[in-house]
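Next come the chains, spelled out residue by residue.
Number of protein chains: 2
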Amino acid sequence: LAVSADIEGIFSAAISGDRRMLARAISMIENRVQGTLGALAALDPDRKRYAGSPRVVGITGPPGAGKSTFVNLLVTEARERGERVVVLAVDPSSPFTGGAILADRIRMEQHALDEGVFIRSLSSRGHLGGLSRAVGQVVDLIDAAGWDLIIVETVGVGQSELAVCEIADTAVVILTPESGDAVQAMKAGLLEIADVFVVNKSDRAGADVLLRELELAVELDESATWNAPVVKASAITGYGVGDVVTEILRHGDWCEGEGASEWSDRQGRGRVRTFLDLIGEDARFAAFVALNSDKAALKQALESGESNPYRVAAEYEA
Amino acid sequence: LAVSADIEGIFSAAISGDRRMLARAISMIENRVQGTLGALAALDPDRKRYAGSPRVVGITGPPGAGKSTFVNLLVTEARERGERVVVLAVDPSSPFTGGAILADRIRMEQHALDEGVFIRSLSSRGHLGGLSRAVGQVVDLIDAAGWDLIIVETVGVGQSELAVCEIADTAVVILTPESGDAVQAMKAGLLEIADVFVVNKSDRAGADVLLRELELAVELDESATWNAPVVKASAITGYGVGDVVTEILRHGDWCEGEGASEWSDRQGRGRVRTFLDLIGEDARFAAFVALNSDKAALKQALESGESNPYRVAAEYEA
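Chains as they are written, first to last, in our numbering: chain A, 1 to 318; chain B, 1 to 318.
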């Protein structure tokens, strides 16, 4: 009970603007400290984002596509407009890509001393999974704390980037001529999720082919009410980067105007998904606790190979 | 009831050696057809793998590391020994890597007409996740069908390759000098999981540095009873490829001999994890059904943003 009162204190200080407590509350979510869900449940349901203010921008793409450059630009631009910005860097801890994120964080140093910017990495610990769950919870907390813009950057490795795009109000997918063809992006479902496509390193061979493939794919998707723009850019020379920011802001406006009902449907589906994830993970955790207490016999049957997991699951659920 | 009898018929034909029915049963698992868990629960718990015969080899590594070449070699070698082989290619459908797997399948064509080889891709559908669950179930089915060797190949993108390595009896991690340093592999937990490391494209710059880093890391891990060998190879020239196969076979022998109790502990932990995953996913699915029937009011509260997922979860579970 003392612990739980403490958590509520930390969360309420975080929401009131205490950066140190915000960092601590995020760590508690990340580490699944007991009681954090209760603290999240107590968040004001009438806060801005629920009431119709889109302000989560997701940035994804393969390693080396130039994501951090665009994140930096977005931060600078938002600061010029006087907005307070959070950057969440989602690191799925892939054995083969993990290095990129750390390097990106170092490049973000220009904003590190700015009180109006809060930068934070979120990584998945071990094999528990649930990274996108943690991201969703952290976004809800930051939203309640009243920050104006939340940028979620994720390195494109598997399912996690899709999940993070779904949390975002505006999903930006950055591709390069080297990163493989547009067909792959479509196959993986990015086409349905991306609100803005960026073809970075647009001076390289293959950029125009990629551009046309993406434009054609967007055009062919007749069900869409928002036609995702495809923007050519070169983060290094600066070519087109202003256009990227413009398109992101234009999509934000669309969410609040013409696309409001579609945007709010998307948010609603996201909340349903978060709820289902919570139920699944709670049940898994309860079973874990049971195996180590009153259901020790089932654990023994599993470990020895006396029975199989499917049979034990049927028994447990009966 | 008629459906369920049908499923049992398909599974029992699959186990008795009917390839067409095996393909169909795998599709049913992949598509989560109702009744497949019951059919899996009915599998003989005394089958070879549970009784101590290791024969699942997992192959992972970043795209372009040369995985399919080694899979091909393993298949050829096993066929020469008269073993019947299944290759499962796990495709997590990453937007940025999906293409590699298809190309690999084409290269496998030399085994396509061999009755002693069964090749199958498993991909994740949409955002449901649960790919490693499907792989585990398919491995259990194939094991019950009496195949001698099961090779699970996965492209290294995030958490899924770790999960697949855990299903394997012998986990082979293929790296190249280009694929980033060994430190990343350690950070991601591959070091604890890999049974054989391969440094492919060993004629390229950086190969010896990578080799030494991996060897040092293996040496420093004093808790390990099996010291993962680090093998230099070049799949293109053929250099060292025989050594890779030798080390894989040597690890299989170790699992049956000196390392038998450690191997069986690992299998036991895998069964516990599969059980927990089943419980979690069943609860998630039950909640999904409830939202669309008697708990429609909760769904409405989520979709409208009247309440938040944490609060609704607490209500649902109460």
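One or more of the hints may lead you astray.
Label pairs and their in silico Cβ distance ranges [unchecked claim]:
| no. | chain 1 | residue 1 | chain 2 | residue 2 | range |
| --- | --- | --- | --- | --- | --- |
| 1 | B | E83 | A | A318 | 33 to 43 Å |
| 2 | B | D294 | A | D265 | 50 to 60 Å |
| 3 | A | E192 | B | T237 | 41 to 51 Å |
| 4 | B | A297 | A | G38 | 14 to 24 Å |
| 5 | B | G64 | A | I236 | 17 to 27 Å |
| 6 | A | G38 | B | R79 | 56 to 66 Å |
| 7 | A | R81 | B | A112 | 53 to 63 Å |
| 8 | A | A42 | B | G257 | 55 to 65 Å |
| 9 | A | I236 | B | E83 | 29 to 39 Å |
| 10 | B | E192 | A | R266 | 35 to 45 Å |
| 11 | B | L249 | A | D221 | 31 to 41 Å |
| 12 | A | N292 | B | E192 | 18 to 28 Å |
Residues from chain B that face chain A, not an exhaustive set, calculated with beta carbons under 8 Å [claimed, not checked]:
| no. | residue |
| --- | --- |
| 13 | L40 |
| 14 | A41 |
| 15 | R79 |
| 16 | R81 |
| 17 | H111 |
| 18 | D114 |
| 19 | F118 |
| 20 | I119 |
| 21 | E262 |
| 22 | D282 |
| 23 | Y310 |
| 24 | V312 |
| 25 | A318 |
Don't read these hints as lab results, they were simulated from the structure.
Model, not experiment: these values are computed from the prediction.
For glycine and all other residues, C-beta sits at the position ideal for the given N, C-alpha and C.
To see whether the hints hold, each was checked on the structure:
no., hint, result
1, B:E83 to A:A318: 33 to 43 Å, "39 Å, holds"
2, B:D294 to A:D265: 50 to 60 Å, "23 Å, violated"
3, A:E192 to B:T237: 41 to 51 Å, "44 Å, holds"
4, B:A297 to A:G38: 14 to 24 Å, "22 Å, holds"
5, B:G64 to A:I236: 17 to 27 Å, "25 Å, holds"
6, A:G38 to B:R79: 56 to 66 Å, "58 Å, holds"
7, A:R81 to B:A112: 53 to 63 Å, "59 Å, holds"
8, A:A42 to B:G257: 55 to 65 Å, "57 Å, holds"
9, A:I236 to B:E83: 29 to 39 Å, "53 Å, violated"
10, B:E192 to A:R266: 35 to 45 Å, "39 Å, holds"
11, B:L249 to A:D221: 31 to 41 Å, "50 Å, violated"
12, A:N292 to B:E192: 18 to 28 Å, "22 Å, holds"
13, L40, "4 Å, holds"
14, A41, "4 Å, holds"
15, R79, "29 Å, violated"
16, R81, "26 Å, violated"
17, H111, "25 Å, violated"
18, D114, "29 Å, violated"
19, F118, "22 Å, violated"
20, I119, "20 Å, violated"
21, E262, "13 Å, violated"
22, D282, "7 Å, holds"
23, Y310, "4 Å, holds"
24, V312, "5 Å, holds"
25, A318, "12 Å, violated"
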